[in-house]
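Line order of the protein sequences matches chains L and X.
Going by UniProt numbering, the first residue of the first sequence is number 1, and it counts up by one from there.
Going by UniProt numbering, the first residue of the second sequence is number 1, and it counts up by one from there.
Just to be clear, a hint being listed does not mean it is correct.
Which copy? The list can't say, so a pair holds if one copy fits it or any two copies do.
Said to hold, decoys possible - In silico EDC-like cross-links for lysine to aspartate or glutamate, where the CA-CA straight-line distance does not exceed 20 angstroms:
#1 K143 / E155
#2 K212 / E310
#3 K315 / E119
#4 K147 / D82
#5 K94 / D44
#6 K280 / E355
#7 K84 / D63
#8 K147 / D81
#9 K239 / E97
#10 K212 / E355
#11 K387 / E369
#12 K212 / D353
#13 K143 / D243
#14 K212 / D44
#15 K218 / D243
#16 K387 / E366
#17 K387 / E372
#18 K315 / E25
Honestly, the hints are just simulated from the structure, not real lab data.
Each chain, letter by letter, is given below.
There are 2 protein chains.
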Amino acid sequence: MPQPELPEPAHPEVDSMLSRKFGKEVANYFSGSPLNRVSFLRTDHSFLLAALKHPSTSFLLFDNLSPLAKDPTQLEYVNFDDVKPLIGENPYSKSEEAMIAEYNSTITIPQLLFLGLDESKRSGFEHNIYYGSPYFALDVTPKGSVKSEAEKLIEITKSRGLQFVEGRMHMSLPAPQAAIYAQARALLDWNARNPFCAGCGQPTLSINAGTKRTCPPKDMASVTNRSAIGSTTAEPPAKERPDCVTRKGISNLCFPRTDPTVIMAVLSADSERVLLGRQKRWPPYWYSTLAGFVEPAESVEEAVRREVWEESGVKLGRVVIHSTQPWPYPANLMIGAIGQCVPGGEEIHLKHDPELENAKWVSMAEVKEALEVGTSGLGEDAGPGYKEGGLRLPSRTAIANQLLTAVTGGFLEEHSHAPKM
Amino acid sequence: MPQPELPEPAHPEVDSMLSRKFGKEVANYFSGSPLNRVSFLRTDHSFLLAALKHPSTSFLLFDNLSPLAKDPTQLEYVNFDDVKPLIGENPYSKSEEAMIAEYNSTITIPQLLFLGLDESKRSGFEHNIYYGSPYFALDVTPKGSVKSEAEKLIEITKSRGLQFVEGRMHMSLPAPQAAIYAQARALLDWNARNPFCAGCGQPTLSINAGTKRTCPPKDMASVTNRSAIGSTTAEPPAKERPDCVTRKGISNLCFPRTDPTVIMAVLSADSERVLLGRQKRWPPYWYSTLAGFVEPAESVEEAVRREVWEESGVKLGRVVIHSTQPWPYPANLMIGAIGQCVPGGEEIHLKHDPELENAKWVSMAEVKEALEVGTSGLGEDAGPGYKEGGLRLPSRTAIANQLLTAVTGGFLEEHSHAPKM
Numbered sequence: 001m002p003q004p005e006l007p008e009p010a011h012p013e014v015d016s017m018l019s020r021k022f023g024k025e026v027a028n029y030f031s032g033s034p035l036n037r038v039s040f041l042r043t044d045h046s047f048l049l050a051a052l053k054h055p056s057t058s059f060l061l062f063d064n065l066s067p068l069a070k071d072p073t074q075l076e077y078v079n080f081d082d083v084k085p086l087i088g089e090n091p092y093s094k095s096e097e098a099m100i101a102e103y104n105s106t107i108t109i110p111q112l113l114f115l116g117l118d119e120s121k122r123s124g125f126e127h128n129i130y131y132g133s134p135y136f137a138l139d140v141t142p143k144g145s146v147k148s149e150a151e152k153l154i155e156i157t158k159s160r161g162l163q164f165v166e167g168r169m170h171m172s173l174p175a176p177q178a179a180i181y182a183q184a185r186a187l188l189d190w191n192a193r194n195p196f197c198a199g200c201g202q203p204t205l206s207i208n209a210g211t212k213r214t215c216p217p218k219d220m221a222s223v224t225n226r227s228a229i230g231s232t233t234a235e236p237p238a239k240e241r242p243d244c245v246t247r248k249g250i251s252n253l254c255f256p257r258t259d260p261t262v263i264m265a266v267l268s269a270d271s272e273r274v275l276l277g278r279q280k281r282w283p284p285y286w287y288s289t290l291a292g293f294v295e296p297a298e299s300v301e302e303a304v305r306r307e308v309w310e311e312s313g314v315k316l317g318r319v320v321i322h323s324t325q326p327w328p329y330p331a332n333l334m335i336g337a338i339g340q341c342v343p344g345g346e347e348i349h350l351k352h353d354p355e356l357e358n359a360k361w362v363s364m365a366e367v368k369e370a371l372e373v374g375t376s377g378l379g380e381d382a383g384p385g386y387k388e389g390g391l392r393l394p395s396r397t398a399i400a401n402q403l404l405t406a407v408t409g410g411f412l413e414e415h416s417h418a419p420k421m
Numbered sequence: 001m002p003q004p005e006l007p008e009p010a011h012p013e014v015d016s017m018l019s020r021k022f023g024k025e026v027a028n029y030f031s032g033s034p035l036n037r038v039s040f041l042r043t044d045h046s047f048l049l050a051a052l053k054h055p056s057t058s059f060l061l062f063d064n065l066s067p068l069a070k071d072p073t074q075l076e077y078v079n080f081d082d083v084k085p086l087i088g089e090n091p092y093s094k095s096e097e098a099m100i101a102e103y104n105s106t107i108t109i110p111q112l113l114f115l116g117l118d119e120s121k122r123s124g125f126e127h128n129i130y131y132g133s134p135y136f137a138l139d140v141t142p143k144g145s146v147k148s149e150a151e152k153l154i155e156i157t158k159s160r161g162l163q164f165v166e167g168r169m170h171m172s173l174p175a176p177q178a179a180i181y182a183q184a185r186a187l188l189d190w191n192a193r194n195p196f197c198a199g200c201g202q203p204t205l206s207i208n209a210g211t212k213r214t215c216p217p218k219d220m221a222s223v224t225n226r227s228a229i230g231s232t233t234a235e236p237p238a239k240e241r242p243d244c245v246t247r248k249g250i251s252n253l254c255f256p257r258t259d260p261t262v263i264m265a266v267l268s269a270d271s272e273r274v275l276l277g278r279q280k281r282w283p284p285y286w287y288s289t290l291a292g293f294v295e296p297a298e299s300v301e302e303a304v305r306r307e308v309w310e311e312s313g314v315k316l317g318r319v320v321i322h323s324t325q326p327w328p329y330p331a332n333l334m335i336g337a338i339g340q341c342v343p344g345g346e347e348i349h350l351k352h353d354p355e356l357e358n359a360k361w362v363s364m365a366e367v368k369e370a371l372e373v374g375t376s377g378l379g380e381d382a383g384p385g386y387k388e389g390g391l392r393l394p395s396r397t398a399i400a401n402q403l404l405t406a407v408t409g410g411f412l413e414e415h416s417h418a419p420k421m
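Given the sequences, and given the hints that come with them, work out the whole structure.
And the structure:
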């Protein structure tokens, strides 16, 4: 499988509130969401409607996956009155059963996501025992039957001096905002990427507040088309669609996809050196940890050993998982691990899977120094203490940096349950 | 999302060769594959053909995802001569480029997977620096244009006294065989489950030795159909298919899907009790750890805290990842963790997401005793030391058992990097 894209460093506020709440746990960038997803309420249309219309509710807009923001360091939200012309007074007026029964593939329903409740804001919104300010995301990409309403909404936001921030290189949001952005982006991308059913090839319908896609058994499109051309006879029944296996029970195809990946700091057998690799497109002297996708029916520990061997020839023994990082480009879960070479397994061979331009063993001291003076984002300059020719590494918001910090701080030695080989 | 299915216990040989090679690392059932996947060789048709035809090569057959076996404790493999009538003399005669250019959606190509090389068997098979006995898997489910050849192959295997073992309740394979079975089943299921492109709705083609599906730009079906009805004019060009976003770069839709799930042993704030839950359909007194799917843009640690709160109301602080288990029904990666309650967070509330019939706090001593006398598979009786009414738990091959074993053995205390709250 292709190399997963390396996390781009972002804002230094990585530890977020989690570091205060949960001791020394490393909370990587894009995690640490302030929202309670209350996922079990996503089918409750009375809850969703109340949340949608509450004055404290925030809507994060995306145009082609670019979020609305003041600038790249600050997301901007709009309110229900802003989005009402696009989504209508009540997009939850029908039950999911009715939405499925009345499905019409020619009608564009703007993709709306319920993200969760920010319980730190006692805004007056309450539903049973649940409370907090509701957050939604909405795809305003102009398309289909809602193209002109979406364009109008985009114009209105631009007239307020706001922008849809493109790309991801310059995303430098505070960690809690980054987590909200990541959740919204991942789910909008998944919906946009999967308009058809992989089981039968027919168009699908978004339900569960944007977290499920279902393959309806009928399509009213034929009925609508007949009406449109002025048929005066009784309307024919909706067209039955071909059978689909996803309608016969629970199918993972109906749920969002997340691709597990491994990313690992690798120690020599004597724990004195660290394996680093680089891709050709990176700036000079820039290295990082190795990474790759987990394959079907592989444990994380096996995937770490396989990827390290395939990319560098190095043979690992024990593997310990350190922390994880969601990565919404488009849907990765980065599982960070520390691996250690078997004695004699350090020889580098780049020709199994030639994805890396180079890999090399670096002394613990050099890694420590680079963590102090040589870190930056891929597109950024190194800090003031950096001297040309020195090792460069990803910044603190990348899990690679956290893994390297952990191994230079003696992470493996502290794991007495996973003894040194 | 729905509750992931609980791992079924299987054969007690769980530690496999990994426990010897890598110290105390917990290698869960379905991991510990003896095969080197050499994933970078999957596009090399000369390698695949040589591997296919080598006398040491093993083919694992599946009929509707049921593997060929002597009995539920022993897989049985066939050789190239057995499968040749179904797959032909050389299924790798065309390059992938040619296969895509000549794609014809009306022709059924039996799904063939290259699984890897068993390097412990010096069988004489060599390719550059790679060696070992090759393993393939083949879907022999009778269908499409190869229905009768597939039926013949099934008949031949049955005449040898072999069977296609249905279901998974009675799978009790030695761990290395279970890992091979898991890899094959997961990939065959993924291919069978995704015959259409989720991006555009058109049928897809298997490439990369069964580990990728691509959306071809043309379909020769129209050409073939014209020829079939005896057209004597020059053949028309293959039908151009509508544009598809997956052809414009790397798309995760083309690669196998693995759904990350969390499963966690939960300790009270004072580490003296363990939280266990049960589903209604389980036998009396049978409990296990809680589990659930990781959501988009969620770290594993966040998913653990969310799922525990949603299912039981219990509020967790720190979370430490313990080990992982591939689970091929259909494509889960179980990420096993240990979580600890925040002080005062132990109150149980089952009504957020009512998936559990019950959840309760159990003393460390009771869990220890149940791990000794009360473990079994869901469909099995408890062991001889069990007394009616005592706690029952999953057996050693389930990661839930490994997590409970770890917490009763002081796993968290050993994690000095993740201090007690």
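Here's how the hints hold up against the structure:
no.	hint	in the structure
1	K143 / E155	within (15 angstroms within a copy, 54 angstroms between copies)
2	K212 / E310	between (36 angstroms within a copy, 18 angstroms between copies)
3	K315 / E119	between (47 angstroms within a copy, 14 angstroms between copies)
4	K147 / D82	within (16 angstroms within a copy, 58 angstroms between copies)
5	K94 / D44	within (11 angstroms within a copy, 53 angstroms between copies)
6	K280 / E355	within (9 angstroms within a copy, 49 angstroms between copies)
7	K84 / D63	within (17 angstroms within a copy, 52 angstroms between copies)
8	K147 / D81	within (18 angstroms within a copy, 59 angstroms between copies)
9	K239 / E97	within (17 angstroms within a copy, 38 angstroms between copies)
10	K212 / E355	between (35 angstroms within a copy, 18 angstroms between copies)
11	K387 / E369	within (11 angstroms within a copy, 60 angstroms between copies)
12	K212 / D353	between (36 angstroms within a copy, 17 angstroms between copies)
13	K143 / D243	between (29 angstroms within a copy, 17 angstroms between copies)
14	K212 / D44	within (14 angstroms within a copy, 38 angstroms between copies)
15	K218 / D243	within (10 angstroms within a copy, 25 angstroms between copies)
16	K387 / E366	within (13 angstroms within a copy, 60 angstroms between copies)
17	K387 / E372	within (12 angstroms within a copy, 60 angstroms between copies)
18	K315 / E25	between (29 angstroms within a copy, 16 angstroms between copies)
Hint compliance for this structure: every hint is met.
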